[in-house]
Amino acid sequence: MLSIKNIHARVEDKEILRGINLEIKAGEVHAIMGPNGSGKSTLSSVLAGREEYEVTEGSVAFLGKDLLDLAPEDRAREGLFLAFQYPVEIPGVSTTNFVKAAVNEKRKYNGEEPLDAVSFLKLMKEKMAMVEIDQSLLSRSINEGFSGGEKKRNEVFQMAMLEPKLAILDETDSGLDIDALRIVANGINELRRPDRAFLVITHYQRLLDYIQPDFVHVLYKGRIVKSGTKELALELEEKGYDFITEQIDLAALSGLQ
Amino acid sequence: MDLTNFKEEWKYTNISSVLEKAYVTAPSEVSAEDLNAFRMPGHHKANELVFVNGRYAPALSQVLSSENELVILPLKEAMNGFFRDLVSSHLNKSADYIKDGVHALNGEYMQEGMFIYVPKGLKPQHPIYMYHVLDGRQAPVMAQPRNLIYADERSRLQLTETYATLGTSDSFCNEVLEIIVAQDAYVEYYKLQNDVAHASQVNTTHISQIGRSYVHTVVISLGGGIVRNNMNLVLDAANNEAHMYGLYLLKGKTHVDNHTLIDNKQPGCFSNQLYKGIADDSSTGVFNGRIMVQPDAQKTNAYQSNKNILLSDNATINAKPQLEIFADDVKCSHGCTVGQLDEEALFYLRARGIPREKAEVLLLQAYAADIVAQIKPMTVRAYVERLILEHLSVG
Numbered sequence: 000m001l002s003i004k005n006i007h008a009r010v011e012d013k014e015i016l017r018g019i020n021l022e023i024k025a026g027e028v029h030a031i032m033g034p035n036g037s038g039k040s041t042l043s044s045v046l047a048g049r050e051e052y053e054v055t056e057g058s059v060a061f062l063g064k065d066l067l068d069l070a071p072e073d074r075a076r077e078g079l080f081l082a083f084q085y086p087v088e089i090p091g092v093s094t095t096n097f098v099k100a101a102v103n104e105k106r107k108y109n110g111e112e113p114l115d116a117v118s119f120l121k122l123m124k125e126k127m128a129m130v131e132i133d134q135s136l137l138s139r140s141i142n143e144g145f146s147g148g149e150k151k152r153n154e155v156f157q158m159a160m161l162e163p164k165l166a167i168l169d170e171t172d173s174g175l176d177i178d179a180l181r182i183v184a185n186g187i188n189e190l191r192r193p194d195r196a197f198l199v200i201t202h203y204q205r206l207l208d209y210i211q212p213d214f215v216h217v218l219y220k221g222r223i224v225k226s227g228t229k230e231l232a233l234e235l236e237e238k239g240y241d242f243i244t245e246q247i248d249l250a251a252l253s254g255l256q
Numbered sequence: 000m001d002l003t004n005f006k007e008e009w010k011y012t013n014i015s016s017v018l019e020k021a022y023v024t025a026p027s028e029v030s031a032e033d034l035n036a037f038r039m040p041g042h043h044k045a046n047e048l049v050f051v052n053g054r055y056a057p058a059l060s061q062v063l064s065s066e067n068e069l070v071i072l073p074l075k076e077a078m079n080g081f082f083r084d085l086v087s088s089h090l091n092k093s094a095d096y097i098k099d100g101v102h103a104l105n106g107e108y109m110q111e112g113m114f115i116y117v118p119k120g121l122k123p124q125h126p127i128y129m130y131h132v133l134d135g136r137q138a139p140v141m142a143q144p145r146n147l148i149y150a151d152e153r154s155r156l157q158l159t160e161t162y163a164t165l166g167t168s169d170s171f172c173n174e175v176l177e178i179i180v181a182q183d184a185y186v187e188y189y190k191l192q193n194d195v196a197h198a199s200q201v202n203t204t205h206i207s208q209i210g211r212s213y214v215h216t217v218v219i220s221l222g223g224g225i226v227r228n229n230m231n232l233v234l235d236a237a238n239n240e241a242h243m244y245g246l247y248l249l250k251g252k253t254h255v256d257n258h259t260l261i262d263n264k265q266p267g268c269f270s271n272q273l274y275k276g277i278a279d280d281s282s283t284g285v286f287n288g289r290i291m292v293q294p295d296a297q298k299t300n301a302y303q304s305n306k307n308i309l310l311s312d313n314a315t316i317n318a319k320p321q322l323e324i325f326a327d328d329v330k331c332s333h334g335c336t337v338g339q340l341d342e343e344a345l346f347y348l349r350a351r352g353i354p355r356e357k358a359e360v361l362l363l364q365a366y367a368a369d370i371v372a373q374i375k376p377m378t379v380r381a382y383v384e385r386l387i388l389e390h391l392s393v394g
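Residue numbers (numbering that gives the first Met the number 0), protein chains in the order written: chain D, 0 to 256; chain R, 0 to 394.
Keep in mind that the hints were calculated from the coordinates and are not lab data. Among these hints, one or two may not hold up.
Under the rule of at most 20 Å between Cα atoms (straight-line distance), these lysine to aspartate or glutamate pairs were calculated in the EDC-like manner [to be verified]:
{"no.": "1", "chain 1": "D", "residue 1": "Lys-99", "chain 2": "D", "residue 2": "Glu-111"}
{"no.": "2", "chain 1": "R", "residue 1": "Lys-306", "chain 2": "D", "residue 2": "Glu-88"}
{"no.": "3", "chain 1": "D", "residue 1": "Lys-164", "chain 2": "D", "residue 2": "Asp-178"}
{"no.": "4", "chain 1": "D", "residue 1": "Lys-107", "chain 2": "R", "residue 2": "Glu-356"}
{"no.": "5", "chain 1": "D", "residue 1": "Lys-4", "chain 2": "D", "residue 2": "Asp-65"}
{"no.": "6", "chain 1": "D", "residue 1": "Lys-150", "chain 2": "D", "residue 2": "Glu-131"}
{"no.": "7", "chain 1": "D", "residue 1": "Lys-99", "chain 2": "D", "residue 2": "Asp-65"}
{"no.": "8", "chain 1": "D", "residue 1": "Lys-107", "chain 2": "D", "residue 2": "Glu-162"}
{"no.": "9", "chain 1": "D", "residue 1": "Lys-4", "chain 2": "D", "residue 2": "Asp-68"}
{"no.": "10", "chain 1": "R", "residue 1": "Lys-357", "chain 2": "D", "residue 2": "Glu-88"}
{"no.": "11", "chain 1": "R", "residue 1": "Lys-357", "chain 2": "D", "residue 2": "Asp-73"}
{"no.": "12", "chain 1": "D", "residue 1": "Lys-4", "chain 2": "D", "residue 2": "Glu-56"}
{"no.": "13", "chain 1": "R", "residue 1": "Lys-357", "chain 2": "D", "residue 2": "Glu-112"}
{"no.": "14", "chain 1": "R", "residue 1": "Lys-92", "chain 2": "R", "residue 2": "Glu-111"}
{"no.": "15", "chain 1": "D", "residue 1": "Lys-99", "chain 2": "R", "residue 2": "Glu-356"}
{"no.": "16", "chain 1": "D", "residue 1": "Lys-150", "chain 2": "D", "residue 2": "Glu-125"}
{"no.": "17", "chain 1": "D", "residue 1": "Lys-220", "chain 2": "D", "residue 2": "Asp-12"}
{"no.": "18", "chain 1": "D", "residue 1": "Lys-229", "chain 2": "D", "residue 2": "Asp-248"}
{"no.": "19", "chain 1": "R", "residue 1": "Lys-357", "chain 2": "D", "residue 2": "Glu-111"}
{"no.": "20", "chain 1": "R", "residue 1": "Lys-357", "chain 2": "R", "residue 2": "Asp-341"}
{"no.": "21", "chain 1": "R", "residue 1": "Lys-20", "chain 2": "R", "residue 2": "Asp-99"}
{"no.": "22", "chain 1": "D", "residue 1": "Lys-99", "chain 2": "R", "residue 2": "Glu-359"}
{"no.": "23", "chain 1": "D", "residue 1": "Lys-220", "chain 2": "D", "residue 2": "Asp-68"}
{"no.": "24", "chain 1": "D", "residue 1": "Lys-150", "chain 2": "R", "residue 2": "Asp-341"}
{"no.": "25", "chain 1": "D", "residue 1": "Lys-164", "chain 2": "D", "residue 2": "Asp-73"}
{"no.": "26", "chain 1": "R", "residue 1": "Lys-357", "chain 2": "R", "residue 2": "Asp-235"}
{"no.": "27", "chain 1": "D", "residue 1": "Lys-150", "chain 2": "R", "residue 2": "Glu-343"}
{"no.": "28", "chain 1": "D", "residue 1": "Lys-107", "chain 2": "R", "residue 2": "Asp-99"}
{"no.": "29", "chain 1": "R", "residue 1": "Lys-357", "chain 2": "D", "residue 2": "Glu-50"}
{"no.": "30", "chain 1": "D", "residue 1": "Lys-99", "chain 2": "D", "residue 2": "Asp-133"}
{"no.": "31", "chain 1": "R", "residue 1": "Lys-357", "chain 2": "D", "residue 2": "Glu-77"}
{"no.": "32", "chain 1": "D", "residue 1": "Lys-225", "chain 2": "D", "residue 2": "Asp-248"}
Computed footprint of chain D on chain R, listed as stretches where at least three residues anywhere in the stretch have a Cβ under 8 Å from a Cβ of chain D [what the hints assert, rightly or not]:
{"no.": "33", "stretch": "233 to 245"}
{"no.": "34", "stretch": "340 to 354"}
Heads up, the beta-carbon is just placed ideally off N, CA and C, and yes, glycines get one too.
Model the full structure from these sequences, guided by the hints.
Now the structure itself:
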């Protein structure tokens, strides 16, 4: 589904991704972990198409298409979804209207008729229940005055509405208390399907207690330095990132000598 | 004419190219059909007053309210009849505030204007729609509408004014509208400017609140050539309340200069002012907001805010707040911002599959929404929402 080959990316003059390789197949859940500043959010930004990141080398194929060649809106309409680490507040645009526009843009892209008001409302009710989000919240301006938990639930709600093929969750667990974390994780688990893949980016292991990953990758200094199964996440939780990063730094040092 | 003052007052707007043209003010053959293209929704239930090249056109107008509810008379008649004293004590008070030749030029046409009177305690069931039609189908045309409105005690008035130029010749509308608001009257005033690029105008809306009363104004500017809006609110009684809103969405070469004045002359008045603008292409938006607080106007509350978005490198915004406070126990605030479209918000919408152009329109509509929401009649608001969507979606 997603094939990342030797991606190098920089923002302004700073190289942040320095050769990332990753293969994600349909139905798989991959977790990317790493210390602060390792490049986790840069990876999600590059995949979603943020313009301030410049890809200097490498390629990304998504369902056979050159992802880097597509505008952000086309990536979304091809089935990529980014749940934002910091969802933006947009005064004056209601979440309901916005989600309706997004759903119908995607349908139009796929040659489908727009949803009528009744079908849209029905779909919305169904997905709202899944993330335990209230209708009154959705009639308000996008994320305006939402609590941290409400913002993240709104992200998962939008994901449910847009039914992506690949969902990237960028630190979706950050800033959540344990109840909100459970609701968000349950919502995500309900969306797991054999034809849908997830890339879960997180600093902590705790989200992975709820969302069991098939693979765990450790990102450090812009490269994936270790890959494994969910046991790797537990090991990281126990020993901290140092047990991996020290080895890497040591190896780099001996390389120099 | 005081030339120094003229220079300062017209600092950001060069009107000479408009004034030096040769205009005719010939009689015109505007038909009801011509007018239909510009009529606003809700017109079946509105008093429609049509002015063609500045002159009242009774044949095109439609007055639904009875004469007991709403008096409409040529100013010339009103000056000499029953309303003589009322007219003579209030007519042309705007000249005390605007001492330039453009305003004086309009004064020569005073005899041709209309007088509108809402009697004490009456609330005409139908709003007033005022259309200014300029017929530029033969030659460049100039119109100088001059009207006086008196909303008497405890009356209620809702007025929407709009402008339309026919044909391809240039038009210049130099309008003076004076509105007197008496004790406990309630006035809503809406101005919609969506004329063509070869239509220029200087208009003066001078509102005097001579008794404790409520005034609510919204000026929406979407089109035109060079447009200068003088909007004066004189709070000439204690505890007056005034709300003044404006929205200018400019593109092409449109130049809109909102020159506002709130003159607090008596104690305890409240005014709130919010003007928002978006300038694209090579357009120019000017906001000159002056608030005067006279020595007697203690306990004044006056708030002013002006916010702008620049969408193009060639667009210009000039913002000039001007507070002149001569009383010591007042609350006044003003703020002004010029920014760009929020790139983070734009990316968020695009990341959900909404194409860039549509995402921009959504954000600009949202930006305009709090001003549009100040238009109280639903028919006019829905009409303005539609005009804004069309305006933002094209090019």
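A quick look at each hint next to the structure:
1. D/Lys-99 <-> D/Glu-111: Given pair D/Lys-99, D/Glu-111 holds - Cα atoms ~14 Å apart, limit 20 Å.
2. R/Lys-306 <-> D/Glu-88: Holds, at about 18 Å.
3. D/Lys-164 <-> D/Asp-178: violated (27 Å)
4. D/Lys-107 <-> R/Glu-356: Roughly 16 Å separates the two Cα atoms, so the pair holds.
5. D/Lys-4 <-> D/Asp-65: holds (11 Å)
6. D/Lys-150 <-> D/Glu-131: Cα-Cα ~12 Å, so holds.
7. D/Lys-99 <-> D/Asp-65: Cα-Cα ~28 Å, so violated.
8. D/Lys-107 <-> D/Glu-162: holds (15 Å)
9. D/Lys-4 <-> D/Asp-68: holds (15 Å)
10. R/Lys-357 <-> D/Glu-88: Judged against 20 Å, a Cα distance of about 18 Å means the pair holds.
11. R/Lys-357 <-> D/Asp-73: Status holds; Cα separation ~13 Å.
12. D/Lys-4 <-> D/Glu-56: With a Cα-Cα distance of about 9 Å, the restraint between D/Lys-4 and D/Glu-56 holds, given a limit of 20 Å.
13. R/Lys-357 <-> D/Glu-112: Judged against 20 Å, a Cα distance of about 18 Å means the pair holds.
14. R/Lys-92 <-> R/Glu-111: With a Cα-Cα distance of about 17 Å, the restraint between R/Lys-92 and R/Glu-111 holds, given a limit of 20 Å.
15. D/Lys-99 <-> R/Glu-356: Answer holds: D/Lys-99 to R/Glu-356 is near 17 Å, not above 20 Å.
16. D/Lys-150 <-> D/Glu-125: holds (19 Å)
17. D/Lys-220 <-> D/Asp-12: holds (15 Å)
18. D/Lys-229 <-> D/Asp-248: Given that 20 Å is the threshold and the Cα spacing comes to 24 Å, the pair is violated.
19. R/Lys-357 <-> D/Glu-111: Between R/Lys-357 and D/Glu-111 the Cα gap is close to 19 Å, so the pair holds against 20 Å.
20. R/Lys-357 <-> R/Asp-341: holds (14 Å)
21. R/Lys-20 <-> R/Asp-99: holds (18 Å)
22. D/Lys-99 <-> R/Glu-359: holds (16 Å)
23. D/Lys-220 <-> D/Asp-68: With a Cα-Cα distance of about 26 Å, the restraint between D/Lys-220 and D/Asp-68 is violated, given a limit of 20 Å.
24. D/Lys-150 <-> R/Asp-341: holds (19 Å)
25. D/Lys-164 <-> D/Asp-73: holds (13 Å)
26. R/Lys-357 <-> R/Asp-235: violated (46 Å)
27. D/Lys-150 <-> R/Glu-343: Roughly 15 Å separates the two Cα atoms, so the pair holds.
28. D/Lys-107 <-> R/Asp-99: violated (56 Å)
29. R/Lys-357 <-> D/Glu-50: holds (18 Å)
30. D/Lys-99 <-> D/Asp-133: holds (16 Å)
31. R/Lys-357 <-> D/Glu-77: Distance of about 18 Å is within 20 Å: holds.
32. D/Lys-225 <-> D/Asp-248: Status holds; Cα separation ~13 Å.
33. 233 to 245: violated (count 0)
34. 340 to 354: With 12 residues closer than 8 Å to chain D, the stretch 340 to 354 of chain R meets the three-residue bar; holds.
Comparing the model with each numbered hint stated earlier shows that hints 3, 7, 18, 23, 26, 28 and 33 do not hold.
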